[in-house]
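K.L.:
Using the hints provided, position chain B with the ligands relative to the given structure of chain A.
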Amino acid sequence: MAQAINVEDLNIYYSEFLAVENVNVTIQPRSVTALIGPSGCGKSTFLRTLNRMHEVIPGAYATGSVEIEGANIYGSGVDPVNVRRRVGMVFQKPNPFPTMSIRDNVLAGVKLNNQRISRSTADELVESSLRGANLWEEVKDRLDKPGMGLSGGQQQRLCIARAIAVKPEVILMDEPCSALDPISTLAIEDLIHEMKQDFTIVIVTHNMQQASRVSDRTGFFNIAGTGKPGHLIEIDETEKMFTNPENKQTEDYISGRFG
Amino acid sequence: MSTSAAATPTPQKQSDPPETKARTAKRPGDLIFSGLSIGSGLLIFLTLLLVAVFLTIRSLPAIQSSREVTGDADAVSLLEYTAPLVFGTVFAAVLALLMAVPVAVGIALFISHFAPRRLATPLGFMIDLLAAVPSVVFGLWGGVWLVPRLEPLYMWLNTYLGWIPLFAGEPSAPMRNLATASVVLAVMILPIITAVSREVFLQTPRLQEEAALALGATRFETIRTVVLPFGRSGVVSASMLGLGRALGETMAVLMVLSPGSSFSLHILEVGRHNSIAANIASQSAEATPDVMARLIFTGLVLFVITFVINAIARAVVARSTQG
Ligand SMILES: Nc1ncnc2c1ncn2[C@@H]1O[C@H](COP(=O)(O)OP(=O)(O)OP(=O)(O)O)[C@@H](O)[C@H]1O
Ligand SMILES: [Mg+2]
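Chains A and B, in that order, give the protein sequences.
Per UniProt numbering, residue 1 is the first one in the first sequence, and the count goes up by one each step.
Per UniProt numbering, residue 1 is the first one in the second sequence, and the count goes up by one each step.
Next comes chain B alone, as it looks inside the complex:
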C-alpha cells in the first residue's frame, strides 16, 4: 500500500480527500445533528415566508381597490387608514422604550453592582417573574388602577409644561390616552430589558473593573468607564427585544387606550391614537371582507416594521461589538 502510494503519488492524493470526507459524514451523531439544525433552520425560514405570503395575498384586495371602503362611517383610502396606525404604534413603542430603558439600566446596575448579594438574588428573581406576567394582567392594572392615578400628573404636565407639544392639547378624564398606553407598555417591557442588561453587566471582566478601581475610580466611575461600554451592545439588543414586544403588544393597549386616528403629537389627549395590533384585535371580529383585507394589510406593515427594527438592531450590535 505504502509502496504503491510512493510510486504513484498523484492518484493517492486525489483519492484521499473523498475518503476522509466520507468517513466524517458517516458519524451518525453528526448526521442527525446537522440534519436537525438545517431542518429547523429551514422550518423557521419557511414559516416566516408563509406568513409573509399569506399576509400579502390576503391584503391584495385592499391594495388593489385602494380607494374607499364602504361600510365605514368615514370612508378613507388605504394609506389614510394605515398611516395613523403606524404612527400610533411606533410612537407609543418609542415612548415606552424611552421610559423603560433608563429605569431598566438603573435597576440592572443596582442588582449587578450595588445591591448586597442577599438583596440582589431575590430582586433578580422577581424581575424574571415579572417578565412572565401575561399582558392582559398589565392591561387590567393599567385600565383600572393606573388611569385615575395618572390624572393629576397629566393635568400638572399640561398646565406647566404645556408649551412642549407632547403635553399640549386638552386632556380629559378618563385618561385613556397614548401616554397611559406608553406607561403600561414601558412597565411591560421593563423586566425583559432589565433581565438581559443585568446578565450583560454581570459579565464585565473582573480585570477591567479592577483596572478602573486601581486608577482611583469610584464605583460610579467604574460603571461609566468599564461596565456601560462593555454592556452597551447587550443593552441595545435588550432594548430592541423590548421595542419588538411593545410594537406588537395588543391586549394592554386595547384595554387602556381610547382609539382614534390622527398624527397628533399630543399624547395626553384622549381618542387620538391607536396601534396596529390593538386595532386588528378590536376590528377583526365583525369585519366585512373589505375591512378584513385592510386589517391584514396593516398586519403586513407591522410585520415589515418589526423586521426592519430587528435588522437595525443587529447592525448596531454588530458595529458596537467590532469597535
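So that you can see chain A by itself, here it is in the shape it has in the complex:
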C-alpha cells in the first residue's frame, strides 16, 4: 500500500517565477518525513507537486520527475485526478465540506466518479476511516450532523478520515496542526504515528518540536533571499538533523529556533 516517492531534478514554477529549484530526494515508504524551513522557502509549493495540486493554480507548473511506485506522475498521459486519488492531502485549515454531514464528508472521495457502494460497505468504511482518524468515539452518535458542527481539531481529524477513506498510498499534510490547540495537536501527532504503518506521510511544519516528535526523517528547505528560488538544503534522519546536521545553514536554523 505505502509507496516510496522518488523526486528527481524537480523545478517548480509560478508562471515565470522559479519558486523551488532542483529538488532530488527519495522519501521512504511507511515513514514520516517532516519538511521544515523559513516562511516562503517553498515547503507548501514542493508538497503540492507531490499530488499535482500545484498545477490547479493558473500558470503554475513543474519540470522534472516525481516517481511513485516507479511511475512518473508527471509522465505524459497521466491523469492528475488519478494521482490525487493515490496521494491524499490534509490542509492547513480544516476544510470539511460545509453542506455535508459527517458521514457524507468521510464518503465524499469514495462517491466521486459515480462509484456506487452498498450501504453496509459504506457504513464499514465510515467507521474504519473515523477510527483510523481517532474520531469514531466522539462522533459515532451524530454521523448525520453537519461536519461544520465539530470543533477545529475534530474537523481536522474528519479531514484526515476523509483523506484515508479513499485508501491512498501517500498522505501529504501542510501544517495540519497550525490552527489547533495543543491538545488537538497532540491527538493528531499520535494519529500520525499510527498512520505511518499504512501510509507514507509527508508533513510540513513550522514547529520543530513537532517535527522531532513525529518524523523519522526531516528535510530542511531554505531560500537565499526574496525572489530567489528555495532549495532542499539537507535531508536526513530526524535525530541527526536536530543534533548533528551536516550543513551549516541547517545548524543555524535549528539552533536559532531553539535559542
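Relax, there's no trap hidden among the hints.
Derived EDC-like pairs: lysine to aspartate or glutamate, alpha-carbon spacing no greater than 16 Å straight-line: (1) Lys240/A <-> Glu251/A; (2) Lys111/A <-> Glu221/B; (3) Lys167/A <-> Asp198/A; (4) Lys140/A <-> Asp123/A; (5) Lys240/A <-> Asp216/A; (6) Lys93/A <-> Glu210/B.
Now the in silico label distances, taken between C-beta atoms and shown as ranges: (7) Pro122/B <-> Gln92/A: 33 to 39 Å; (8) Trp163/B <-> Asp144/A: 41 to 47 Å; (9) Phe263/B <-> Gln92/A: 56 to 62 Å; (10) Phe307/B <-> Lys111/A: 38 to 44 Å; (11) Phe263/B <-> Glu138/A: 54 to 60 Å; (12) Leu153/B <-> Ser151/A: 54 to 60 Å; (13) Lys111/A <-> Pro122/B: 34 to 40 Å; (14) Asp144/A <-> Pro61/B: 56 to 62 Å; (15) Phe263/B <-> Ser128/A: 55 to 61 Å; (16) Asn310/B <-> Gln92/A: 38 to 44 Å.
Because the hints were derived from the structure by calculation, they are not lab data.
Just so it is clear, CB atoms sit at the ideal spot from N, CA and C, and this is done for glycine as well.
P.N.:
Just chain B with the ligands, lined up with the frame of chain A:
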C-alpha cells in the same frame, strides 16, 4: 469625584449609562447616518403602502359590482376576468424560468470555472450589457425575428410530442403564442440570473474547491460537490429576481403574444393566453371607468403575487444558508 463615587456607588451607577448614551448620540455623523437610513427605510415602506392603498381603493368599484361589466363584448365576472390573466402571467413566467435557469447556471459556471480568463472577462461584460437592453428591443426582436424562426420547431414538437399536453392543440402561424412569449422572457431574464450566479460561483472558497480536487475530483465533480451547493441560495435568489422581472414584464409580452383568455395548457396555440401587465398596457388607454377598475384590480393581484414570491424566495434563501 472619585471619592464621592466610592462613597455613593448607587447614584453613580445610575447616572453613568445615560451619560454615555448622550455622548454617542451626539456624534453628528452617526446622527445623520441613522436619520438617513431610518428615513429612507420609512420612505420605501410608505411608498409601498401608498401603492397598495391606491390599488385597493381604485379597484373597489370592480370588487363591489363584481357581476358583469357592460361595454365588453362577452361580459364576464371579475373572477372570470382575472383568473385566466393570473394563470397566463404565472405560466409564462414559470416557463421562462425553467428555460432560463439551467442555461444561466451553465453560462455562469463556464465563465467562472471553465473559460480561460482572456475569454471570461469579455463574456461577463457582455452578459452585464445584455441585462441593460430595454425590453422593447427584446419585444421587437421576438416579434419580428423569432416568431417565424420558431415555427418549424413548434410544428415538430406538435407532431411528435403532441401527446404531451403542453405541445398539444393546433398551432397556427404566426406563432404569437405563449411559448414564444416565454422564450422572449427567458432571454430577457437570462442575463440577470447569469450575472448574479457567476458572482456567487466566483466566491466559492478556494479551500473548499481544493479539498475536492485533492480527493481526486474532476472539475465537474468539484462543481457538483462544492460550487453548486455553495452557490445554491445565490442561484435561488437570482432566479427569483428573474421571476419577478418575468411576471411584471409588459412590452415584450405585448409585442409577441396574441391575447386570449383561457386556462389552456397548450402553449403552442395562438390567442389563448395573456399576462396581467400586457393586458393592462393594451386596455388602459381606452378603458371605461368600469374596465379601469378591473384593470387596477388585476394590478393589485400582480402586486400581491410579486410580494408573495419574494417572501417565498427569502424563506428559501434563509433556510439554505442556515443548513
Ligand atoms: N499562488 C502563488 N502564486 C505565485 N507565487 C506563489 C504562490 N504561492 C506561493 N508563491 C510563492 O512561492 C514561494 C514559496 O511559497 P510557499 O507557500 O511554498 O512557502 P512555504 O515554505 O510554504 O511558506 P510558509 O511556511 O509561510 O507556508 C514564495 O515566494 C511565494 O511567494
Ligand atoms: Mg506553506
